[in-house]
Amino acid sequence: MRRMTLLAAAAVAIAVTAAVFSNDRTEAHGQQVQLLWMSSLGRTVSGDLKYCTGSGTPVYHGTNYMFIDVMIGTSDPTLCTTPSGSGQTVKLRTWGFSSVYHGTIATSSSIGTTPSGCHYVQLGMIDAESLYRGNPRFTHTTGSVGTIRSIYAGPSPYGAVTELTIGSTYSEPSGCPWTGQHVHQGFADITCPDKNGSLGVSDRNFVWGLYDWVHQMNYREGHSGC
Amino acid sequence: MNQRTMQVVGAGALVVVVGIAAFFIASRFAGGDASGQAAQETAAWVEELRDRLEPTIQADQALPAARGRYGDFVIAGLAETEPKIEIPCSRSPERAVTDPARIEQSELYSPTFGDALEVYDCPNGTVNFIGGYTQHETGITEFARYHFVGDAIVESDAPRERLEIATVGGHPALIVRGLDISPFPAQTRIFVIERAPSAQQPGIMLVVFTPLGVDERIKLAEELMR
Numbered sequence: 001m002r003r004m005t006l007l008a009a010a011a012v013a014i015a016v017t018a019a020v021f022s023n024d025r026t027e028a029h030g031q032q033v034q035l036l037w038m039s040s041l042g043r044t045v046s047g048d049l050k051y052c053t054g055s056g057t058p059v060y061h062g063t064n065y066m067f068i069d070v071m072i073g074t075s076d077p078t079l080c081t082t083p084s085g086s087g088q089t090v091k092l093r094t095w096g097f098s099s100v101y102h103g104t105i106a107t108s109s110s111i112g113t114t115p116s117g118c119h120y121v122q123l124g125m126i127d128a129e130s131l132y133r134g135n136p137r138f139t140h141t142t143g144s145v146g147t148i149r150s151i152y153a154g155p156s157p158y159g160a161v162t163e164l165t166i167g168s169t170y171s172e173p174s175g176c177p178w179t180g181q182h183v184h185q186g187f188a189d190i191t192c193p194d195k196n197g198s199l200g201v202s203d204r205n206f207v208w209g210l211y212d213w214v215h216q217m218n219y220r221e222g223h224s225g226c
Numbered sequence: 001m002n003q004r005t006m007q008v009v010g011a012g013a014l015v016v017v018v019g020i021a022a023f024f025i026a027s028r029f030a031g032g033d034a035s036g037q038a039a040q041e042t043a044a045w046v047e048e049l050r051d052r053l054e055p056t057i058q059a060d061q062a063l064p065a066a067r068g069r070y071g072d073f074v075i076a077g078l079a080e081t082e083p084k085i086e087i088p089c090s091r092s093p094e095r096a097v098t099d100p101a102r103i104e105q106s107e108l109y110s111p112t113f114g115d116a117l118e119v120y121d122c123p124n125g126t127v128n129f130i131g132g133y134t135q136h137e138t139g140i141t142e143f144a145r146y147h148f149v150g151d152a153i154v155e156s157d158a159p160r161e162r163l164e165i166a167t168v169g170g171h172p173a174l175i176v177r178g179l180d181i182s183p184f185p186a187q188t189r190i191f192v193i194e195r196a197p198s199a200q201q202p203g204i205m206l207v208v209f210t211p212l213g214v215d216e217r218i219k220l221a222e223e224l225m226r
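Quick mapping for you: the protein sequence lines, in order, are chains A and B.
FYI, the working numbering numbers position 204 of the first sequence as 204, with every residue one higher than the one before it.
FYI, the working numbering numbers position 191 of the second sequence as 191, with every residue one higher than the one before it.
None of these hints come from the bench; they were simulated from the model.
Cβ coordinates follow ideal geometry from the N, Cα and C atoms, glycine included.
Among the clues, some could well be false.
To give a feel for the contact side, a few chain A residues facing chain B, derived at Cβ under 8 Å [claimed, not checked]: (1) T113; (2) T147; (3) S171.
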């Protein structure tokens, strides 16, 4: 009986390990698989994935530091029609996939409204090589004007995670076309200008999954293809 | 293999498996919160950047945010409780306009806007908002032209020292300069009252958010009013 218990425990542990390992390995070595995942989930991501090449094809080389936005406590974000309160924490999260490269990224934050009247927290990003890397913008979000903060990206071939709280959700008043509680991360990138409004919607409840990211860029090798 | 050996081997295998599982699970959370490991990994250059820029940020934040009437404008805060500019009818996704003919017939339209536009109308069919963006080598400029009623309320957290009353294309304008903390780019916001509201018709506001320099941004605003 005791032996059976031990064997069962070992089997469970192996299964858990295999699940975690296969997930990370897939994401670390198969960016295309990620895109298929996202596509199959029906996410609003097409705009995000076209930002980097003239042909609309994302090109990733080497190390990828992935920045995502996460909203905690959403109720029905995909509809975006029912105000469901405000004040939920919004975080910037990095996933670093690398066995070599890593870096501390500096951010500054500002708050404001878009031309259409939606409230945002906008970050400035400077990578570990002191290069300006654009402005992730979190729309329908509010926060304090930030001092210079840092967020660490990688390294880990299995996806090291770092989080930085950047604000909280904002229940938009009339004027902003979207009133439901949700968050977008847009990107205005001077090295690869594209539509600033290329937005994805974070609609997960603090799930540790890479299908939750809405923007991805290569902070190490720039935007080849732009 | 006797029972004792089986137990030892089984226990050893379990320890290895649990150890491996713990390693992979831990690796997923390796980054932790920004205040944890990331803070320890903060590179010296971020500290230097912070030391250099923080006094400018602190000095700006120490100044009282401008509030109240300023020229033809009323400056309000960004909080939900602060007054917002009033628009003839709510902008909503259900009222997005995509018909080019209808957009071009609107008094808010300008050929200089380009094609990537966000447009809304009122239930009576009147287009009340057109927004878009333009790309430059140095960044992205967002703009919008929309109807409003009542006071020309501008949401801003900037102190009076970063506000400037100006004239753009013969119309009263408010320029809100971004905080200059290079290498983070400063974004300037320009608000132009092209037409004051009256009992007969709503006012027209043009807003331009741009990283461009002084001369360029004024020129761009004037172009957008054509």
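Results of checking the hints against the structure:
1. Contact between A:T113 and chain B, as hinted, is supported at the beta carbon level, the nearest pair being about 5 Å apart and thus within 8 Å.
2. Among the interface hints, the one on A:T147 holds; its C-beta lies about 6 Å from the nearest C-beta in chain B, closer than the 8 Å criterion.
3. Given the 8 Å rule on beta carbons, the hint for A:S171 holds: about 7 Å separates it from the nearest Cβ of chain B.
When held up to the earlier numbered hints, the structure conflicts with none and fits them all.
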